[in-house]
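Engineer: Take a look at the letters that make up each chain.
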Amino acid sequence: MNGVSRRTQTFLIVVGAVMFAAAPLLIASAPNEATMGLVAKILYFHVPVWFMMFLAVFICGIASGVYLFKGRPAADRLAVSAAELAVLFGVMGLTTGPLWARVSWGVWWPWDVRTTLALILEMNFVAYLLLRKYGGPGAEKLAAGVALFGMFNVPFVYVSVNVWRTLHPETTVVPTLPTAMAGPFWWCVVAYFVLFLVMLGGRRRLEDQRARLDELRFAYEEE
Amino acid sequence: MNFVLLMRKNRRLRLSDMRILRTFRAMRYFLRGAVLLVALLLIGSQATVIVEATQPAPVEEFVPIGELPEEERLPAAPFLISAYSIVWILAFGYFWMLSRRLSAVEREMVTLTKRRDDATGGTSESSF
Chain G
30 MNGVSRRTQT FLIVVGAVMF AAAPLLIASA PNEATMGLVA KILYFHVPVW FMMFLAVFIC
90 GIASGVYLFK GRPAADRLAV SAAELAVLFG VMGLTTGPLW ARVSWGVWWP WDVRTTLALI
150 LEMNFVAYLL LRKYGGPGAE KLAAGVALFG MFNVPFVYVS VNVWRTLHPE TTVVPTLPTA
210 MAGPFWWCVV AYFVLFLVML GGRRRLEDQR ARLDELRFAY EEE
Chain W
14 MNFVLLMRKN RRLRLSDMRI LRTFRAMRYF LRGAVLLVAL LLIGSQATVI VEATQPAPVE
74 EFVPIGELPE EERLPAAPFL ISAYSIVWIL AFGYFWMLSR RLSAVEREMV TLTKRRDDAT
134 GGTSESSF
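Going down the list, the sequences are from chains G and W.
Heads up: take any position in the first sequence, counting from 1, add 29, and you land on this note's numbering.
Heads up: take any position in the second sequence, counting from 1, add 13, and you land on this note's numbering.
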């Protein structure tokens, strides 16, 4: 990582820290949702976490496509970094969701189409990482195919709540949030986006260093 | 069972005896498995009946939390705080894991570069 990237990374860490320090105050000052009450404040981190999961899935899917069709190793390194973040943010979403559901719906897990598809998406990227770790030679291309499949699953996860109506709120909720709730919500979305960028930068750096280490090992064995 | 012990004690077993022993063992495992499966099915079916009997009747429509009787309401704050904490535990856990992996790789790079320099007698630039 060169000096400029390191400076950018530091800047993002500072911005993220400031935003996350202010987030609880903004969330606390936002009004309670009329039917669900206090527990609906999980919205301020449950939804941004899923946004980041989808973003990670798209980055992983597009980078995997570039790797498959153009054969660029840098794209593969970006894909594996994003896949790990997809799993991480997916775990966050899959644990915060049931805590919200238990209070507002009376069940931990409703097995509706949205939750089931989201679980499948998460398992898809767990499979990607397992494939990368234990798949042996050539697993990168197989995993890239799995990532593409996962990426095409995202629109189904997103629109599922509009097509198969359940207790899960529709996609119209976020665009129609009242200003007092929309402000803290979008603040949190930006804060999580900054967190995502910092994490992706760090993970990408690890992958780059691993590639350099492999080159070093190869050069050492050649000599 | 006694048959197996008898066969084990006899050190001069013939090949045909070994085959009988293996078949006997396989049959024994199969029978144990079948018994276990039947027991699990019976327990499962009984558990379903008990759970169904103790569950309250499903609500047909969505009832806002504010309209629920007090004894059916769950305190929201612990769930909200738990959710927020889980997100931060996972995020910090990930950063910790990432820094450990990164430092392990960089340590290995330094070791390898040093070993290479020692072998060639030269010095190579490294900026990890």
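Treat the hints with care, as some may be off.
Some chain W residues judged to face chain G by a derived CB distance under 10 Å, without partners named [claimed, not checked]:
(1) Y42
(2) A90
(3) Y97
(4) A104
(5) F108
(6) M122
These are computed hints drawn from the structure, not numbers from a lab.
Every residue gets a Cβ at the ideal spot worked out from N, C-alpha and C, and that includes glycine.
Engineer: Can you give the numbers of the hints that this structure goes against, from lowest to highest?
Structural biologist: Going through the list in order, the structure violates hint 1 alone and respects the others.
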